[in-house]
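Novice: With these hints in hand, go ahead and build the complete structure from the sequences.
Residue numbers (the numbering used here), protein chains in the order written: chain A, 251 to 775; chain B, 251 to 775.
Do not take every clue at face value.
If several chains are the same, the list does not tell them apart, and a pair holds so long as it fits within one copy or across any two.
What the hints assert, rightly or not - Below are the EDC-like pairs computed for lysine to aspartate or glutamate, each with C-alpha atoms no more than 16 Å apart in a straight line:
1. Lys-718 with Glu-300
2. Lys-718 with Asp-297
3. Lys-718 with Glu-295
4. Lys-288 with Glu-340
5. Lys-523 with Glu-295
6. Lys-585 with Glu-300
7. Lys-312 with Asp-354
8. Lys-718 with Glu-296
9. Lys-585 with Glu-572
10. Lys-589 with Glu-572
11. Lys-585 with Asp-413
12. Lys-661 with Asp-617
13. Lys-342 with Glu-285
14. Lys-644 with Asp-630
15. Lys-316 with Asp-354
16. Lys-362 with Asp-390
Keep in mind that the hints were calculated from the coordinates and are not lab data.
Number of protein chains: 2
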Amino acid sequence: MAWLPNTGTCARVDIYTKKFNSLPMEVVVKSFEIETGKLIVVMNEEDMKELGVHVGDRIKIKTDPKRSVTAILDATTSLVQPGELALFQEVKEALKLKDGDTVDLIPASRPKSIEFIKKKLNGGHIHGHEMREIVEDIVDNNLSDIELTAFMVAAHINGYDMDETVALTQAMVDTGDTIDFGDNVVDKHCIGGVAGNRTTMLIVPIICSAGMTMPKTSSRAITSPAGTADTMEVLATVNFNMEELKAIVDRTGGCIVWGGSVNLAPADDKIIKVEYPLSIDPQGQVLASVMAKKKSVGSDYLIIDIPFGRGAKIDDLNDAHELAKQFIQLGKRLKIKTKCVVTDGSAPIGRGIGPALEARDILLCLDGEGPVDLLNKSIDLAAAVFELSGKTRKGEGRKLAEELVASGKAKAKMLEIIEAQGGDPNIRPENIPVGEHEYGITSDRTGKVHSISSKRVSRVARAAGAPKDHGAGIYLHAQVGDTVTKGDKLYTIYSSSQNKLEDAIKFAQDLVPMRVGGLILEEVA
Amino acid sequence: MAWLPNTGTCARVDIYTKKFNSLPMEVVVKSFEIETGKLIVVMNEEDMKELGVHVGDRIKIKTDPKRSVTAILDATTSLVQPGELALFQEVKEALKLKDGDTVDLIPASRPKSIEFIKKKLNGGHIHGHEMREIVEDIVDNNLSDIELTAFMVAAHINGYDMDETVALTQAMVDTGDTIDFGDNVVDKHCIGGVAGNRTTMLIVPIICSAGMTMPKTSSRAITSPAGTADTMEVLATVNFNMEELKAIVDRTGGCIVWGGSVNLAPADDKIIKVEYPLSIDPQGQVLASVMAKKKSVGSDYLIIDIPFGRGAKIDDLNDAHELAKQFIQLGKRLKIKTKCVVTDGSAPIGRGIGPALEARDILLCLDGEGPVDLLNKSIDLAAAVFELSGKTRKGEGRKLAEELVASGKAKAKMLEIIEAQGGDPNIRPENIPVGEHEYGITSDRTGKVHSISSKRVSRVARAAGAPKDHGAGIYLHAQVGDTVTKGDKLYTIYSSSQNKLEDAIKFAQDLVPMRVGGLILEEVA
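Specialist: Structure representation (structure tokens):
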């Protein structure tokens, strides 16, 4: 039931059943030079009252018997006069209108998907075809921020069962581009949050040099100093459309490209837009967002890296296990053989943090040099893929992965991929430029490195200009457990800008991302 | 915990703790000729990436050391170039900026109220000072649609306890105008949904002619053919500011004005804006919205009319009782002595439907003529007020109310109020103009009037042009239970426009708002 004060809000109760009582209203068009990302029109409140419509209602704008669009209504008391209709760019273009044209307005009913969203609001279960309709309307921008937010908040509070999560994932796949590379397609995902954790760029060449297919799409950094796409961009181009991506993978067996350049599960970006301001992310939504992208590229085998520990996104082992269980269940339903690996996420991995510094580590690792922890973790993850996919027998995956690196096959494959993506196949680690301005942070005492905070290291690296400034970042001279002497260099900050370097130094002195000795825990420092 | 795919959405986890890493960014201002009702600015995505901010973040726009505002950020890839900042009207005016001016941008943290909204999202309890902060940010337009929607959806799903409802009500009162008329201030509210139910315009003169104070603010119609404010507008002006309202009440003891013209509990309109598209209205919100407006005018005694029955908003007696209980409890906490009256809401009340036709009924009732059901209900409600306030002893309220009508005192008071509100004190019912175009709907059979649907009658009256066309509407010649002969006029439709009249006739023939004989129930017709 709806208990409604008679402040005119009674409109709300019969919104879905509401038949409208007006003939079309003729209005003159004016336009605003703004994109809203949605179909929105603005009317004067007087006209809205006459038409019996309200802010948030849908209205059909008809130019002739054949051409019309349905837009979401907003109101103004000024700027738009009675008899006028203001259009934003999307509507203007959809109807090819120019200022001064006249159109007919007819109140329209809301998308059916809003009823399904309300069902979830009221604790109900969303069926497959209903979820499909919701996701289609999200992708087509048919839902207002208010309606989309209601959907996400309802999911956050009431949750999804596995059937709903499967339906959501499938709908996200079906409303985007998909591609098929046949069998033995491998994928890998990391929950993220660990600085320098650039394993993807080692796993892809190892896997592909074993003859398996790994079309990897990765993200750019948002608040971290580098995403895999940013780091790969130091070595090659990462923006490719679906056809180009297919050509690269057909030729080399793999790729490392920016996910944003292909149209995989496009619903995700629109959903994130309303999740972000609320910093909510319903578990079912996370599962669906990750798996939809894997399904879209036809993955058969998937390894998920779940970093765990103090300072990591997941600091409770039960949460890590529960998340793993959900990924594996969803994988089963989607016919993606999935294995989750809980890894140590309590400190950065590798030495370089920032696109260029990380890219240098990667090439060094492929030469058998470079940070041992990064190479080892990558080999372990690749080994897990080999065993999961039956490429090797249980317990023999690591041997194969090590051979592929030692023999130089993995390196050759990486250079092949770099070339296929328009990069220089003769690139050497030492030829990767880093920021010309640098500053070394030294230890004020002798002792063991007690902790390194990924979050704080990331903030300092960002202050230095990463990821936009590819050469900016941090190089860790010491790692957790190393013994350092007073005056030893702990890490070096790089930047292409003296100003930003000074910024970063201030941050470093303030945040103390690396702690030597002592028993004071980072959280209470 | 937050499980986040590494699609860069990691930003979401530490949004509240996030320290920003950038120096101020200097940009050049351009502006859009649009009001958004909020402080919104638009940046190019490139600049946002560099500044490390995202759609929905807050950003401080500084013109000089002293002047700055914090606005909500939106993104574009075109129309706004890197190095530019696009402002909507509200921001432009707040900072007195002109196109081409340069300003500094500094990432700002979110309002604390968002943390309290998240608490409700996660099932927590909102304390008084937290609710106050949320409502203040709502009134000050500091919350985006996404954030406000999250608050309403969380309230819809998780609900409010009485403490939260009291806090919400008090915060809504405190963030608006208030007025004090001393003791014996009476108010009345109706849950609405019944056509022609214009009792307020009879209760006010009856109560005030007994020497009590009744400063009544009413709403205009949204989907109904007339709100009390629309009907009163036929006889007098209804738009007054607080000072004018006070002068009218000081002079006459009462008023009947449009609530929208005074700034009582302004949070309500902003809340309705997001509730409406979702057709949700959390019970606690309904209670708070109603009671905040009563508290703002200092009501001591309140009668709430809860129409109940088939076709009414409340069709389950238990719901009616539960709602009544909540209103009474909230009233106690606010020191408003409240009584709820469950009334028959299964059919329209009175004869006229539409502003002019209803105003005519009102004046006729004050002459002792006019629709008996309307007059009787009004007298009963006035009697309840007299007994609730101790004006009369229990059981003697009705006698006093009847006397005040019979003696002409109530009529004299109404004309006094009409004059005080700038209307004609010599107005006669027969001098109220109704639409010159009319059409009578006749019965196709002989029998008893079985049912009249308020919803359908309202649709026909709106089709005829009500409420904007004051003279448009319906006059019921027969009421439920009356026996009519084939060919008898059931009701007459009035309109000032022949086109709209023909519209309305089509609706009438299609909807059949009045049913004669038969046993077919309206709902399944």
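Novice: Against this structure, judge whether each hint is valid.
Specialist: Do the hints match the structure? See the list:
1. Lys-718 with Glu-300: Only across copies: Lys-718 and Glu-300 sit 7 Å apart there, 52 Å inside one copy, limit 16 Å.
2. Lys-718 with Asp-297: Between. Shortest inter-copy distance 10 Å satisfies the 16 Å Cα cut-off; intra-copy 48 Å does not.
3. Lys-718 with Glu-295: Cα proximity of Lys-718 and Glu-295: across copies only (13 Å, versus 45 Å in one copy).
4. Lys-288 with Glu-340: Within one copy only: 7 Å inside a chain, 22 Å across chains, cut-off 16 Å.
5. Lys-523 with Glu-295: between (29 Å within a copy, 13 Å between copies)
6. Lys-585 with Glu-300: neither (55 Å within a copy, 40 Å between copies)
7. Lys-312 with Asp-354: within (5 Å within a copy, 43 Å between copies)
8. Lys-718 with Glu-296: Close across copies (9 Å), not inside one copy (49 Å); limit 16 Å.
9. Lys-585 with Glu-572: Intra 20 Å, inter 50 Å, cutoff 16 Å: neither.
10. Lys-589 with Glu-572: within (13 Å within a copy, 52 Å between copies)
11. Lys-585 with Asp-413: within (14 Å within a copy, 50 Å between copies)
12. Lys-661 with Asp-617: Within one copy only: 7 Å inside, 100 Å across.
13. Lys-342 with Glu-285: Classified as within: same-chain Cα gap 10 Å, cross-chain 19 Å, threshold 16 Å.
14. Lys-644 with Asp-630: Within one copy only: 13 Å inside, 86 Å across.
15. Lys-316 with Asp-354: Answer is within; shortest intra-copy Cα gap is 12 Å, inter-copy 49 Å.
16. Lys-362 with Asp-390: within (14 Å within a copy, 34 Å between copies)
Violated hints, in rising order: 6 and 9; the structure is consistent with all others.
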